[in-house]
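Q: Spelled out from the first residue to the last, the chains are:
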Amino acid sequence: RKEVEQDPGPFNVPEGATVAFNCTYSNSASQSFFWYRQDCRKEPKLLMSVYSSGNEDGRFTAQLNRASQYISLLIRDSKLSDSATYLCVVRWGNSGGSNYKLTFGKGTLLTVNP
Amino acid sequence: NAGVTQTPKFRILKIGQSMTLQCTQDMNHNYMYWYRQDPGMGLKLIYYSVGAGITDKGEVPNGYNVSRSTTEDFPLRLELAAPSQTSVYFCASSAPGAYQPQHFGDGTRLSIL
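Each protein sequence line maps, in turn, to chains A and B. Note that the working numbering has the first sequence beginning at 1, numbered continuously upward. Note that the working numbering has the second sequence beginning at 1001, numbered continuously upward.
Same shape as in the complex, but just chain B:
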């Protein structure tokens, strides 16, 4: 009963390094999302996807890239990490439909030093 799985759970990066945050879901959901949550703030949408091969920008896409080659996987790539990208990152998925809930992974806590 895995749901949405994110790896890694924690990571420390140096400024200028790159990394990929992994997200996979086993619910056959079409829609997948990446959010970041800064302390005391609401979740901000980075990128989303409505199906394999289709991605689109959210509110805060700068400094990130995504791909969706399969229904299950939606990795988030950070290029040239900056201190402003220190945050908690959540991946989520949902089925289509206005009242379908989003299911979240446990999150990745990322620090850029």
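Next up, chain A with everything else stripped away, as it sits in the complex:
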């Protein structure tokens, strides 16, 4: 089983649509979770962290289900500028400041059409 697995996509949606991305992870010892965004031929950038209670940032809502080892990202009222690849990212490492490594999913490409 792959360590971090995402919807393969691509997703093509009209402006204003709501779109959801799903992600599963295999390591139950995973500590923290993120969604990154990567524009074409650019570096990944942090979109939002994902907390156990779920969290929202404007039009973006992230959910975490540790029992099912599942993470989601919901984008409401999608904009043309949301077109990008969305990367599910999981971190595990030892507590006490030891090495923290990230594992990236392959990403899901979203295209928002006018």
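Derived by calculation from the structure, the hints in this document are not laboratory data. Note that this is a predicted model, so its numbers are computed, not measured. Warning: the hint list may mix true and false statements.
Straight-line Cα separation of at most 20 Å, PhoX-like style, residue types lysine-lysine; simulated pairs [as the list claims (entries may be wrong)]: (1) 45(A) - 1009(B); (2) 1044(B) - 1057(B); (3) 1057(B) - 101(A); (4) 42(A) - 106(A); (5) 1044(B) - 1009(B); (6) 106(A) - 1044(B); (7) 42(A) - 1057(B); (8) 42(A) - 1009(B); (9) 79(A) - 101(A); (10) 1044(B) - 101(A); (11) 45(A) - 101(A); (12) 45(A) - 106(A); (13) 1044(B) - 45(A).
Derived, one-sided and incomplete: chain B residues facing chain A with beta-carbon distance under 10 Å [what the hints assert, rightly or not]: (14) 1007; (15) 1008; (16) 1100; (17) 1113.
Ideal Cβ placement from N, Cα and C applies to all residues, glycine included.
Put chain B on the given structure of chain A with help from the hints.
A: Positioned in the frame of chain A, the structure of chain B alone reads:
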């Protein structure tokens, strides 16, 4: 407001040549990382460092070497370049802490011909 700076941005190498990809950060981050990203694939960790003088292998270290003599710099060395090393290379840094994000450089696009 430089953040993580990588040089060069593009490079073409011949098979068997060597080169060093430079990475420097000005955020005083302890942790630094090198990734490669092949088309349609996720990022794969090559090497990482938790502080000056400390480095460790990631998932795909073969064919690469790193050093960390200062907090700011984390160069990646390719010895005897092979076509399989054609990729986009990203350097990243972060502060310690489970929810500290990684900050990425712009990337180096490397082709081995």
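Q: Which of the numbered hints are not met once you compare them with the structure shown?
A: Per hint list: 7, 9, 14, 15, 17 violated.
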